[in-house]
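Participant: All chains, full assembly: derive it from the sequences and hints.
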Amino acid sequence: GAGVSQSPSNKVTEKGKDVELRCDPISGHTALYWYRQSLGQGLEFLIYFQGNSAPDKSGLPSDRFSAERTGGSVSTLTIQRTQQEDSAVYLCASSLDSGRTDTQYFGPGTRLTVL
Amino acid sequence: DAKTTQPNSMESNEEEPVHLPCNHSTISGTDYIHWYRQLPSQGPEYVIHGLTSNVNNRMASLAIAEDRKSSTLILHRATLRDAAVYYCILRDRHYGQNFVFGPGTRLSVLP
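Protein chains in written order, with this note's numbering: chain A, 4 to 118; chain B, 12 to 122.
Take the hints with a grain of salt, since some may be wrong.
Derived Cβ-Cβ restraints for the label pairs, each shown as a range [stated by the list, open to error]:
#1 B/G113 to A/T73: 41 to 49 Å
#2 A/E17 to B/S39: 41 to 49 Å
#3 A/K60 to B/K14: 35 to 43 Å
#4 B/P51 to A/E88: 18 to 26 Å
#5 B/K14 to A/E17: 34 to 42 Å
Here are some chain A residues the structure puts well away from chain B; computed CB gaps all over 12 Å [what the hints assert, rightly or not]:
#6 V15
#7 S30
#8 V77
#9 T81
#10 R84
#11 Q86
#12 R114
#13 T116
#14 V117
The hints are simulated quantities; they were obtained by calculation from the structure and are not laboratory data. Every residue gets a Cβ at the ideal spot worked out from N, C-alpha and C, and that includes glycine.
Facilitator: Encoded structure:
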């Protein structure tokens with residue numbers, strides 16, 4: 004079946020511009036996660052959605068970052084006034100729920116380059 | 012949060028077994044041990060998870076120490092496609108917590 008998809012696969016933008024990254028989770032998955040991975044680094048948690056609950060935004064690095072999840076499905080991560088340090092691969096994952104044993108399925112990521 | 016430590020890198024020959032260690036000395040009684048791997052230019056993918064008993068699936072085996080302070084991911088016959096970064100992760104006991112990914116172990120497989 005269809006996995007997690009993300010778009011665009013690559014995004015090049017100029018410093019100061021806003022960008023929107025999209026994630027389509029696996030159908031029926033109630034939990035959705037955003038991570039980012041800088042070059043050669045591990046994954047850094049950004050934000051987590053579970054059903055209709057308030058999202059866990061504890062990983063967002065600054066107020067320039069925001070995310071929403073419409074209708075419990077598609078999610079959009081928005082970065083305002085991008086900076087060069089925002090350059091990274093942004094990964095989205097979804098899971099059936101968010102229990103201790105649940106498996107996260109990751110998308111291929113969006114590579115963001117801020118010039 | 013309980014942390015894990017893994018070697019930065021390991022090397023294996025093709026078709027030989029690989030044992031990837033992970034230390035988690037501060038693990039709590041209800042933390043599950045998860046392993047994911049990340050192939051080059053891809054998102055991470057699930058490998059295996061366990062709590063106390065050893066686990067086997069089609070991809071790998073997970074051996075968990077009796078005191079649960081360490082575990083070992085076993086690839087029975089490494090292939091070139093197994094070259095990846097392997098992450099050992101403890102799932103926080105609080106419902107809904109995200110995964111905390113450390114730097115992982117970069118596995119190279121030599122032909």
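Participant: Next step is simple, just say for each hint if it's right about the structure.
Facilitator: Going down the list of hints, with the structure as the test:
1. Our hint of 41 to 49 Å for B/G113 and A/T73 is violated, since their Cβ atoms are close to 33 Å apart.
2. For A/E17 and B/S39, the hinted distance range of 41 to 49 Å is satisfied, since their beta carbons lie about 46 Å from each other.
3. With their beta carbons about 23 Å apart, A/K60 and B/K14 fall outside the hinted range of 35 to 43 Å.
4. One distance hint, 18 to 26 Å for the beta-carbon pair B/P51 and A/E88, holds here, with the actual separation near 24 Å.
5. Separation of B/K14 from A/E17 is about 38 Å and conforms to the stated range, judged on CB atoms against 34 to 42 Å.
6. Chain B leaves A/V15 outside its interface by the beta-carbon criterion, the shortest separation being 17 Å against a cut-off of 12 Å.
7. No beta-carbon of chain B is positioned within 12 Å of the beta-carbon of A/S30; the least distance is around 18 Å.
8. The beta carbon of A/V77 is kept farther than 12 Å from every beta carbon of chain B, the shortest such distance being approximately 17 Å.
9. Taking the minimum C-beta to C-beta distance to chain B, about 19 Å, the non-interface status of A/T81 holds against the 12 Å cut.
10. Annotated as non-interface, A/R84 keeps its C-beta farther than 12 Å from every C-beta of chain B; the closest such distance is 26 Å.
11. At the 12 Å boundary, the C-beta of A/Q86 stays outside the reach of chain B, the nearest C-beta of that chain being 23 Å off.
12. Listed as a non-interface residue, A/R114 fails to keep its Cβ farther than 12 Å from every Cβ of chain B; the least gap is roughly 9 Å.
13. Against chain B, the non-interface label of A/T116 holds: every CB pair exceeds 12 Å, the least being about 15 Å.
14. Remark: the non-interface label on A/V117 is consistent with the geometry, its nearest Cβ contact in chain B lying 20 Å away (cut-off 12 Å).
Comparing the model with each numbered hint stated earlier shows that hints 1, 3, 12 do not hold.
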